[in-house]
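J.: Sequence:
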Amino acid sequence: QTAKELGAMDELGLGASFFDNLTMRAIFGNVIGQTSGILYHYTAPSNPINDYLVQRAKEIAGVPPDLFDADGMNAALLALAAIKATGGDTSAAALIGAMEGLTFAGPKGDVLIRAEDHVAIQDMYIVKLTNLDDPEFKFYELVATTRPEPPCLLPEASQDRCGDLPVGSLSGQ
Numbered sequence: 007q008t009a010k011e012l013g014a015m016d017e018l019g020l021g022a023s024f025f026d027n028l029t030m031r032a033i034f035g036n037v038i039g040q041t042s043g044i045l046y047h048y049t050a051p052s053n054p055i056n057d058y059l060v061q062r063a064k065e066i067a068g069v070p071p072d073l074f075d076a077d078g079m080n081a082a083l084l085a086l087a088a089i090k091a092t093g094g095d096t097s098a099a100a101l102i103g104a105m106e107g108l109t110f111a112g113p114k115g116d117v118l119i120r121a122e123d124h125v126a127i128q129d130m131y132i133v134k135l136t137n138l139d140d141p142e143f144k145f146y147e148l149v150a151t152t153r154p155e156p157p158c159l160l161p162e163a164s165q166d167r168c169g170d171l172p173v174g175s176l177s178g179q
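When you line the sequence shown up against our numbering, it's residues 7 to 179, in that order.
Do not take every clue at face value.
What the hints assert, rightly or not - Just the calculated beta-carbon pair ranges, DEER-fashion:
1) Ala-100 <-> Gln-165: 21 to 31 Å
2) Glu-147 <-> Leu-28: 18 to 28 Å
3) Pro-161 <-> Gly-103: 19 to 29 Å
4) Arg-31 <-> Leu-159: 49 to 59 Å
5) Gly-93 <-> Asp-140: 45 to 55 Å
6) Gly-103 <-> Asp-139: 17 to 27 Å
7) Pro-141 <-> Leu-176: 15 to 25 Å
8) Gly-103 <-> Thr-151: 45 to 55 Å
9) Ala-163 <-> Ser-52: 25 to 35 Å
10) Ala-163 <-> Gly-103: 15 to 25 Å
11) Gly-68 <-> Thr-92: 18 to 28 Å
12) Asp-166 <-> Gly-35: 41 to 51 Å
To be verified - Calculated lysine-lysine pairs in the BS3-like style (CA-CA distance at most 30 Å, straight line):
13) Lys-134 <-> Lys-64
14) Lys-64 <-> Lys-90
15) Lys-64 <-> Lys-144
16) Lys-134 <-> Lys-144
For the record, the hints were derived by calculation from the structure and aren't laboratory data.
Only a predicted model underlies this, so the values are computations on that prediction, with no experimental measurement involved.
All residues carry an ideal CB built from backbone N, CA and C; glycine is no exception.
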C-alpha cells in the first residue's frame, strides 16, 4: 500500500512473483500483460486432483482455491501416503523413513520429497497477467510449467546429507 501511495509503482511494475487472488488487485493493477512466476494458481495445473480441489473449495468456501491451498492439500496427501507406507506406524522415525524419497500425486502434479534435505520438488508456473476483474479470479494465461530443483540448503553441520546435490545457502554466499 505504501509503495502505491508514494507513486513507486506508477512507472514500474513490482519485481516479485504473483501471489494471492485478493492482493493481486491491490498491488498489480498497473502491470496487466506482465509475465511472472507463481507458486500455484488453480487455473494452471490440469489433473484430476486439482479439479477435485477446485470443486471442493468452491463448494465449501464459495471461491476457488488460492495460492497456498494446493500446498495444504499436498501436506495432507503426503501424510496419508507416508502413513500408508508405514502400515499405520505414526512414529517420527517411521514417517521420516517413509517420506524420504516419496513421490505422490497432488494438485500441482507429482511431488517428490527429496531424500537428502526433505525439499518438496514440485511444479510451479510462469503466467502472464491478463486481467484483474474476473469474478472467479481467472487472471492468468499459462506460459510455462517449471520444476525448480534448488540446491541443498542444509546447515553446514548437516551438509554431509546433501550427497551429490549442489550445496547452496540462503544468503547466496
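J.: Indicate, hint by hint, whether the structure satisfies it.
T.: Going through the hints against the structure:
no. : hint                            : in the structure
1   : Ala-100 <-> Gln-165: 21 to 31 Å : holds, 25 Å
2   : Glu-147 <-> Leu-28: 18 to 28 Å  : holds, 20 Å
3   : Pro-161 <-> Gly-103: 19 to 29 Å : holds, 22 Å
4   : Arg-31 <-> Leu-159: 49 to 59 Å  : violated, 33 Å
5   : Gly-93 <-> Asp-140: 45 to 55 Å  : holds, 46 Å
6   : Gly-103 <-> Asp-139: 17 to 27 Å : violated, 49 Å
7   : Pro-141 <-> Leu-176: 15 to 25 Å : violated, 39 Å
8   : Gly-103 <-> Thr-151: 45 to 55 Å : violated, 30 Å
9   : Ala-163 <-> Ser-52: 25 to 35 Å  : violated, 42 Å
10  : Ala-163 <-> Gly-103: 15 to 25 Å : holds, 21 Å
11  : Gly-68 <-> Thr-92: 18 to 28 Å   : violated, 37 Å
12  : Asp-166 <-> Gly-35: 41 to 51 Å  : holds, 49 Å
13  : Lys-134 <-> Lys-64              : holds, 24 Å
14  : Lys-64 <-> Lys-90               : holds, 29 Å
15  : Lys-64 <-> Lys-144              : holds, 14 Å
16  : Lys-134 <-> Lys-144             : holds, 11 Å
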